[in-house]
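> The residues making up each chain are set out below.
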Amino acid sequence: MIRFILGRIAYLVPTLIGITIVAFGFVRVLPGDPVLLMAGERGMSPERYAQVSEQLGFDRSLPAQYLEYVWRLLHGDLGTSLVTKKPVLTEFLALFPATVELALCAILLAALIGVPAGVLAAIKRGSWFDQLTMGTALVGYSMPIFWWGLLLIIFFSGILGWTPVSGRISLLYFFPPVTGFMLIDSLLSGQDGAFASAASHLILPTIVLATIPLAVIARQTRSAMLEVLGEDYVRTARAKGLAPRRVVGLHALRNALIPVVTTIGLQIGVLMAGAILTETIFSWPGIGKWMVESISRRDYPVVQGGLLLIALIVMVVNLLVDLLYGLINPRIRHR
Amino acid sequence: MKLSAFVTTSLIAIASAAAFAAPAAAKTLIYCSEGSPEGFDPAAYTAGTTFDASSRPVFNRLVEFKDGSTEVQPALAESYEISDDGLTYTFKLRPGVKFHTTDYFTPTRELNADDVLFSFMRQGDANDPWNQYIPGLTFEYYNSMEMASSIKSIEKVDDLTVKFTLNAPNAPFLANLAMDFASIQSKEYADQLDKAGTKENLNSAPIGTGPFKFVAYQKDAVIRFSKNPDYWGTPAKVDDLVFAITTDAAVRLQKLQAGECHIMPYPAPADIEALKADQNLTVMEQPGLNVAYVAYNTEVAPFDKPEVRKALNMAVNKQAIVDAVFQGMGEVAKNPIPPTMWSYNDAVTDETYDPEAAKAALEAAGVTDLSMKIWAMPVQRPYMPNARRVAEMMQEDLSKVGVNVEIVSYEWGEYLKKSMEPNRDGAVILGWTGDNGDPDNFLSVLLSCAGAKEGGANRAFWCNEEFSGLLEQAKQASDPAERTKLYEQAQVIFKDQAPWATLAHSTVVMPMSKKVTGYVMSPLGTHKFDTVDVAE
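Taken in order, these protein sequences are the chains called A and B. Oh and the first sequence: position 329 is 445 in the working numbering, straight run, nothing missing. Oh and the second sequence: position 415 is 416 in the working numbering, straight run, nothing missing.
It should be emphasised that the hints constitute simulated quantities derived from the structure, not laboratory data. Any given hint could turn out to be false.
To be verified - Reference excerpt, derived from the structure (chain B facing chain A, CB under 7 angstroms, subset only):
hint, residue
1, Thr-91
2, Ala-259
3, Leu-417
To be verified - The calculated lysine to aspartate or glutamate pairs, modelled on EDC-like cross-linking and capped at a C-alpha distance of 20 angstroms, are:
hint, chain 1, residue 1, chain 2, residue 2
4, A, Lys-202, B, Glu-201
5, A, Lys-201, B, Asp-129
6, B, Lys-401, B, Glu-357
7, B, Lys-311, B, Asp-355
8, A, Lys-202, B, Asp-126
9, B, Lys-419, A, Glu-157
Claimed, not checked - Facing chain B, a subset of chain A residues (Cβ under 10 angstroms, in silico):
hint, residue
10, Pro-150
11, Ile-269
12, Ser-399
Values in this document were obtained by computation on a predicted structure and should not be read as measured data. By construction, the Cβ of each residue, glycine as well, lies at the ideal position given by its N, Cα and C atoms.
I would like the entire structure built from these sequences, with the hints used as guidance.
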């Protein structure tokens, strides 16, 4: 088992090196120059341009810049934002809890609804429930996130007034971040109604972010269940006269869950992508919104550092998913 | 060091939270701002979003723009004197001005000349210990407004007197001092930060003399300010000012309508009708201090001939463009400066839309089968809601006079760069928003010979000695009446030579709750809230 884990971790190293190259190259391949963007319509004299480029270290060759970037990385320095002049890691850590909180809520919602819906659809294959679930899943999967989010805001916040429009908590509450997770911090603050306010602000963004993963999980669960329900051992279990609930719950579901867990794990990457739009619509101060703004401002260090950290997290989550297989299916552990 | 900075910041946050938690019937104004500030040191940045959150609530300047106008009035300087030769500016500082007392700073002295010197020297002197208090810091406005080359020296005459000596007379200099980069910082606070080894806090925990004190900033989410009870001017009407950062215009609108904020900037043009129809809202509007234009490359044939440029201008139906693209939130431009600017020459007549005459004029100039490019910028700017649409409408208009137009576009940074390349092929759609309310800030930057070189902003590459001479004369003159006359003449030359097709001046719109009173729109596009009250 330990050898298995170490082997997986060893895989991370070349991947990470690759990501530093891609992240470094990606922002520089994009047309546009951070120094000129700073000057805007006004323009900048060639002398001043040279001066600012030198100050920011852009006057050196790309390989030299890359090597310095890696050298700093090895010393734990992800660089400093060109715009806010703050360390990339500090900014990331300040924003990351917001993204995690939203992503966790979304994946929970997606799994809690998606798995049972998929199982039921598989058992009642061909029924109106199956058709409705799969039809809805297809719609959910193809939903343009931005439009969907705005639609929910206009209906639930604008017309009905049930949910707040955007943000993480009502502006009436003001307490310093302790964990960065608003649900926890609001409880710690001890202020009346703070937790309820934080929770109500999570509803719409959670639904929007969960929509695509929910559709994927429901469809994946259904097809995995259908496959397993056709297996010999399920027929045997049925033939032995086991209660249908036991057949489905114990024998079928456990085996069907392996591809489902993979799917849920892979959705972390999808969540990161979905977070970009969801966070922008709901003014959610997380890393998705931060990355988008940094790309448009050509804030090289932030884009490089942010991509690297996000990639690292996705890889760690995938590693954890791999390890989780072992718990669900002991056969994988011994491989 | 980093850890200590973190601990300090956390303590500040906790302490300020404790201060804030005190229950009181506090009056709070919530502003749904359009973006996050880059930082809180206004000299280090150029974006209006940053200034709205830093220089305007927290800081003051020696002189400031009067609310709702571009007129410069005394502020931290109680009075000033300009020598007859226009070379020395002597400022008498207002006595008794207090810097903010917060959880992270308690001033022991009042504003004096050291603070003024500190605020400028750090920007102008590369060897000043505060020039690079964060590595990579650039003082872009100080440089682009040519402060470095204008100022010969800044001296402290006595505790409350500061003297600026210039290299050459420069009439817009005073207006420059009212700009955000010229905000006055506390030298005492800087010294305290230096001692604590936390210089970078100058950009994250600001101390100024303004109507609001900085309380806290949660990145990309909320900025909180509280009223400065010791303000030297008229104190703010509300106790707390909160910026709820909401980048999407449609969401800002929803928040305003749901009562989650009281006031918002930059509504989408398509939403304005709905906003006006909402009974709970007031929609204020004002002509912006801006211009949108199409700059021909006057160095390249046949656009080097004024008669060709004028013929093309006659072929474009500008009113139709303003109606369709600006959706009524703008007016057709005839001069390079907007009508709200002093010295605007209303006697100038615009080219009239007349395709037949345009066709004839082109033929008379010997131009047939003309093909040209029009550059459409890829972004929305305050002066331009949709450049692509403008280019398409121009394409259609010009095809009617036999001119074949190809529309090109580039990524914004590339666009700015390539449009300044001397042999540029095509006419460029672009615009400008005034920085300091001085006509020089439009005319010299955008149309003078000095701007027609690499790194300038004269995208017509138009160099007219007579025009540039008038601007130079106006810069050296200190009498506003004399300057007005010179700028009026310059506008006549401009129209006669037509280096641009002047397109439009856009209107700025501010929707707000009916509970809000006392908001004053600034022609400079700034958003400030010290005069604003909000009904319970």
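> Determine for every hint whether it applies to the structure shown.
Hint check:
1. Thr-91: Since chain A brings no Cβ nearer than about 30 angstroms to B/Thr-91, farther than 7 angstroms, the hint is violated.
2. Ala-259: Since the shortest Cβ distance to chain A is 5 angstroms, the answer is holds.
3. Leu-417: holds (6 angstroms)
4. A/Lys-202 <-> B/Glu-201: holds (9 angstroms)
5. A/Lys-201 <-> B/Asp-129: holds (19 angstroms)
6. B/Lys-401 <-> B/Glu-357: Given that 20 angstroms is the threshold and the Cα spacing comes to 9 angstroms, the pair holds.
7. B/Lys-311 <-> B/Asp-355: OK: B/Lys-311 and B/Asp-355 at ~11 angstroms, within 20 angstroms.
8. A/Lys-202 <-> B/Asp-126: Since the Cα atoms of A/Lys-202 and B/Asp-126 sit roughly 23 angstroms apart, the hinted pair is violated (cutoff 20 angstroms).
9. B/Lys-419 <-> A/Glu-157: holds (12 angstroms)
10. Pro-150: Result: holds, 8 angstroms to nearest chain B Cβ.
11. Ile-269: holds (5 angstroms)
12. Ser-399: holds (5 angstroms)
Going down the numbered hints, you'll see the structure goes against 1 and 8, while the others check out.
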